[in-house]
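Visitor: Read off the chains here:
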Amino acid sequence: MASTARPELDDSRDSTGAHQLTQPTLDDALAALRRLYGPHCDDLWRTLLARTGLTGQETDLLSFERLVNTMHGAQPIAQMCGRGLAVRAAAYRHLAAANRGK
Amino acid sequence: MMSDTDLLARMHVLAGLDLDNPALRQRLDEITARTAGRLGLPISLVSFVLDTAQLLGGTYGVEGWIAAAGGTPVEWSFCANAVESGRPYVVPDTSVDPLQSVNPLAFVDGFGSYAGVPLIVDGTILGAHCVIGTAAHEFTDADLAELRTSADEIATVLQGYRRDGH
Chain A
276 MASTARPELD
286 DSRDSTGAHQ
296 LTQPTLDDAL
306 AALRRLYGPH
316 CDDLWRTLLA
326 RTGLTGQETD
336 LLSFERLVNT
346 MHGAQPIAQM
356 CGRGLAVRAA
366 AYRHLAAANR
376 GK
Chain B
7 MMSDTDLLAR
17 MHVLAGLDLD
27 NPALRQRLDE
37 ITARTAGRLG
47 LPISLVSFVL
57 DTAQLLGGTY
67 GVEGWIAAAG
77 GTPVEWSFCA
87 NAVESGRPYV
97 VPDTSVDPLQ
107 SVNPLAFVDG
117 FGSYAGVPLI
127 VDGTILGAHC
137 VIGTAAHEFT
147 DADLAELRTS
157 ADEIATVLQG
167 YRRDGH
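As they're listed, the protein sequences go chains A and B.
Counting with the working numbering, you get residues 276 to 377 for the letters of the first sequence.
Counting with the working numbering, you get residues 7 to 172 for the letters of the second sequence.
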């Protein structure tokens with residue numbers, strides 16, 4: 276169902292017009308995992324960052340999407356968490372592209 | 007408010023389902039088309055409510071960015087209200103509803119009315135089955151009964167798509 280098209284956009288946090296959807300970040304991903312895994316999250320987070328080749332300090336959407344892709348190969352709960360985050364990233368991309376085209 | 011324990015149970019059950027199976031998608035799309043037709047509204051969803059987004063498992067009448075993204079951020083999800091309460095959630099007119107009048111899905115994307123019922127598998131609420139109108143609409147008890155019947159059918163369908171080991 277999700278489109279494979281990836282509209283180009285800049286990395287500003289608030290470019291989706293009236294929807295006011297902010298760009299998802301690695302901090303959002305960490306917060307989501309922390310809610311699900313609690314104190315056991317740190318090892319998983321470090322593993323995901325290492326597998327993705329990220330430091331955790333990146334703020335761009337592409338890094339976020341790369342991490343989410345890595346989550347798809349993780350344990351089942353993290354996979355589902357990654358699916359939700361992927362929807363947020365796709366929503367942001369499409370809304371920002373539509374708003375930029377106005 | 008839905009507890010994190012409920013959320014974990016929901017995520018666990020959903021992780022055990024083959025949600026990307028094309029045959030499942032087709033069946034859920036067929037049921038949403040039927041529900042929309044029977045209730046005379048343009049949009050129907052099977053929505054799975056995750057921690058940060060709602061994932062659309064079956065749709066009828068969904069276009070634009072929502073179809074492209076395959077869902078919406080969870081804070082905009084009407085269905086999340088049915089999940090949280092465990093009861094049908096009905097909004098006859100989003101423009102005058104205190105919660106939904108400020109929802110972008112209403113004031114930007116044009117969702118004018120909503121009725122949804124919880125989708126329950128193995129005693130866990132996974133999401134909701136709903137209909138959406140593009141204008142205000144009064145829902146009847148018969149409408150909600152139709153949604154309930156279809157939601158129960160969806161639950162039965164989902165149970166046939168468990169992954170190995172679940």
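Keep in mind the hints are simulated off the structure, nothing from the lab.
Computed from a predicted model, the values in this text were never measured in an experiment.
Hints may contain errors.
What the hints assert, rightly or not - What the simulated footprint calls covered on chain B by chain A, stretch by stretch (three residues with Cβ under 8 Å from a Cβ of chain A suffice, anywhere in the stretch; the number is not a length): (1) 18-28; (2) 52-59; (3) 78-85; (4) 110-116.
Yeah, the Cβ is synthetic: ideal placement off N, Cα and C, and Gly gets one too.
Visitor: Taking a Cβ-Cβ distance under 8 Å as contact, does the region 78-85 of chain B have three or more residues in contact with chain A?
Guide: holds (count 3)
Visitor: Within the assertion that chain A covers the region 52-59 of chain B, do at least three residues meet a Cβ-to-Cβ distance smaller than 8 Å?
Guide: holds (count 4)
Visitor: Mind taking a look at whether chain A covers the region 18-28 of chain B? Criterion is 3 or more residues with CB to CB distance under 8 Å.
Guide: holds (count 4)
Visitor: Apply the coverage criterion to the region 110-116 of chain B and chain A: a residue qualifies when its Cβ sits closer than 8 Å to a Cβ of the chain, and three qualifying residues are needed.
Guide: This one holds; 3 residues, not fewer than the three required, reach chain A with a Cβ under 8 Å.
Checked against the numbered hints above, the structure violates none of them.
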